[in-house]
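J.: Construct the complete structure from the given sequences, taking the supplied hints into account.
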Amino acid sequence: MRWKRKAAALLESALIALSFSGCFSYHELENMTIVTAVAVDEGQNGKLYHLSFECLNMSSGGEEGQQGTQPVILESEGNSIFDGVRNALTEASQKLYFSDCQEVILSRKIAQKGIRKVLNWFLSDAETRVTLRFVVSEEPTAAELLNQKQKTAQTPAFEISGALEEAYADSLACLPLKLYEINNILSEEGDSLTLPGVRVEEKPGKPAWLRLGRTAVFRDDRLIGWLPENQVPYFLFVRNRVQNGLIVPGSRMPGVTFEIVESKTDLDFSLSGSVPSAELHIKSQVTADELATGQENGDLNSPAFSELEKNARNTVEAGVESVVRYVQQTFGVDIFGFGCKISKKYPSEWKKLSKNWDGTFRRMKCRADAEIKVRNTSKLVERDAAQ
Amino acid sequence: MHFCGRYICFGGGQPKEKRQKGECPLSSPNGFGDARLPSDRLEENVRYIGNLFAGDDTLQVRTLSSPSDPAARFVLVYIDGMVNNKLLNEDVIRPLLQHRFKKGESLTAAVAQSVTLADSAECTDQVEKIVQGIVYGDTVLFAEGCADAVVMNTKGWKMRSITEPESERVLRGPREGFNESLLTNLTMLHRKLRTPDLKMRYMTFGRRTRTKACVCYLNSVVNRGALEELQRRLKKINIDGVLDTNYLVEEIRDSPYSAVKTVGVTERPDVVAGKLLEGRVALFLDGTPDVLTVPHLFVEHFQSDEDYYLNFMFASIGRFLRILAFTLSTSTPAIYVAMVNFHQEMLPTPLLISISSARRGVPFPTALEITFMLIVFEMLRESGARMPGIMGQTLSIVGALVVGQAAVDAKLVSAPIIIIVALTGITGLMVPRLKGYVILHRFALLFFSCVLGLYGYLLGELALLAGLFGMSSFGVPIMADTYAHTAQDYKDLYYRVPWKDMILRPQFLSRNKVRQTGGGRAK
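From first to last, the protein sequence lines are chains A and B.
Read in order, the letters of the first sequence are residues 104 to 490 in the numbering used here.
Read in order, the letters of the second sequence are residues 518 to 1040 in the numbering used here.
Hints were generated in silico from the structure; no laboratory data involved.
Here a beta-carbon is modelled for each residue, glycine too, at the ideal position from N, C-alpha and C.
It is possible that some hints are incorrect.
Per label pair, the in silico range of CB-to-CB distance [stated by the list, open to error]: (1) A:255 x B:837: 37 to 43 Å; (2) A:265 x B:929: 50 to 56 Å; (3) A:160 x B:917: 28 to 34 Å; (4) B:684 x A:195: 52 to 58 Å; (5) A:195 x B:912: 44 to 50 Å; (6) A:195 x B:928: 45 to 51 Å; (7) B:980 x A:234: 31 to 37 Å.
T.: Encoded structure:
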């Protein structure tokens, strides 16, 4: 009998504990407003920030395919990000839900004033993810990007995040940074932040659409300038962030395109002189996907073929050296993270160098040497011809 | 324990049941003890037996006298319908009337020894044996001047023919299944295991039903501990009637209040033979095709007899799917509720959006919705199992249209719930032997999940698993094989290896470990 009483007591206390705690974080999905993007602008009416939230309107009616795809823009003002988020509840009937937020769009003015204050809430809130992406609007405000008609994706937010992902993976057009990466770069010595820019493309007579633009360059957390689009691929080479993409020799060798299969960049520094010099070793495996030069170029053993490799090499080397020079002259901030690499490799020398790193960076010499292996040419060659 | 004689009657001597007023003391349900026939006069004996069966109009009494010697008079007593009339006529009555009895010899002894053609004929004066003979289809012969009677085997009643069991159909392998006759069932087993090592011990259960049962095992293989434990528990049973093996199961099983089976049940002789070969004990009961096997491990729920008749790879896939189905069937609703209501961040964005838009306008919380739909599914299943086949169409229309389509269209439940419930239901039917347990396990997890999310789900799963690991069946832990540690221990667990690699028997089941040596291995 005794054990029965014990068991009953246990069961009772378990029931009480479970039922009194309630379903402590039980939420129904339809009671949340799913936020897919946040645009941060300067506030008016004396408030610091003006926030625009792109939310998904889950209309229960309507046609089948249209369900859940209508973006709705909520707007609010606040003296901090969190303040703005809470103030948005005056417009929304439901709690805003941030776990599926794709990106945060910063206006130029906010970026120029410093983005640390903006980042903080996104870093510390429980719902937002550390993989959240940040972009800078090249237009006067950030909010207007969300008001554009999207071309392919469900909403502008998905359009931008999709473009970031694809452009980075396949065409070396941007370096999309996630929240935690941004935070790491900002807290690292000898490294500077860049963020992808997004702009609205307008052509007369056609509806405007969104597209990725130049890359925003930051000194510490303030926007100071823009890196042109044609420099971005070589910037990715220097940062060793090349996945897949194309090497187009262009006028050097018309009609040829290489596709990168894999690429790796090693950085070597020599600290012997008055200023350190950097040496970049780029090792790439490519395939020659477009080979309209005719002749026996397709034959991996022919002399003409080594000409092909040489052209690819020169293209990369020249591009890389020119982007480094451009950044040194135009911005004078180390967006390549040279300083960071030196500090890891030569900590004692870094103590001296770190005092005036931007000045040192400006004067650094940089040499690139690329080793490009063409794996195949997508051409069938007769055995006789090959020998 | 010792076995004496052909039958062992348990619970004979202790009259625990309250005797009804006015009931004839001699027809007490507890048997007749050592009572003997009252005299050597024919009329008196017949009257005595007739009194015992007063009120039973099926009792037939036939008086005969030998044409050669009119003083030699006999009375045959039997129950109409339980005897084979042809046997009775040919083997008992005809020789009786043709035989010339000598003066002075004991009539009953003469009948038993040199007259009757029945295959078994026994002289006895014990009332117990005589009564048992009559109620079990024997014919009892009383003779003038004898204080004993002859019990002759003339059994012959109608029984169901041997068919394939409905609940354990197979595509490959033997198709025969047990029927309701104990002896037929035992012969089916005997045909599979042709060895004197196969031991069969009779027992009787039920003070009123006197149901015969038989404990079977392979003497040199059997798990002694389990055998002795089974016999010890069976001895303690003292119930008035046993109509199906489940009466015995609930009397003797371990963890009697748990939903997990600790005693195996099958209707197939090949399954019983297979289990005996692994060192288990089988218990047959007269009047039911369900045969018990012990010890019963948890993994046996997932083992199908067909696993052993099909190619080992297909069998392994099947077994893997069954285990997966069990997991899915118990966990899907709980995980769905946890993900949708507690951990939305774990859902991919497109899924979140589609679930969210599906839930728009649905009035009930997800937890209530899913509980309700699961109960509706169980109702559909139960009504499908119990109703006459001719109404099947109604059920499928109601099930598919009303509960599925219409409920979603009317926004009473959301579409994902229907999918979750369907998945849960279908996977639940893949392991029919675990049906009852799966339902309880599922609802327990769902409850925990509704209260605490994934955290609660894991806590619930841990608690239920701990419960499973704590249970045993006749001295063998029911999860014993899952924490085995040699390759041979895993040969028949999550997958089945080819027969040539089944070298050993299950370690914890049998005492004779080696199943085969050599094997016809290809070079």
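J.: Honestly, do residue 684 (chain B) and residue 195 (chain A) meet the 52 to 58 Å range at C-beta?
T.: This hint holds: roughly 56 Å between Cβ atoms.
J.: The hint says 31 to 37 Å between residue 980 (chain B) and residue 234 (chain A); measuring C-beta to C-beta, is that right?
T.: holds, 35 Å
J.: Is the distance from the Cβ of residue 265 (chain A) to the Cβ of residue 929 (chain B) consistent with 50 to 56 Å?
T.: The hint (50 to 56 Å, Cβ to Cβ) is violated, given that residue 265 (chain A) and residue 929 (chain B) are roughly 36 Å apart.
J.: Quick check on a hinted range of 37 to 43 Å for residue 255 (chain A) and residue 837 (chain B), using CB atoms only.
T.: holds, 41 Å
J.: Does the Cβ distance between residue 160 (chain A) and residue 917 (chain B) fall inside 28 to 34 Å?
T.: Given about 32 Å between the Cβ atoms, the range holds.
J.: In this structure, is the beta-carbon distance linking residue 195 (chain A) and residue 912 (chain B) contained in 44 to 50 Å?
T.: Cβ of residue 195 (chain A) to Cβ of residue 912 (chain B): about 45 Å, so the range 44 to 50 Å holds.
J.: Would you say the C-beta atoms of residue 195 (chain A) and residue 928 (chain B) sit inside 45 to 51 Å of each other?
T.: The hint (45 to 51 Å, Cβ to Cβ) is violated, given that residue 195 (chain A) and residue 928 (chain B) are roughly 23 Å apart.
Violated hints, listed in ascending order, are 2, 6; each of the other numbered hints is respected by the structure.
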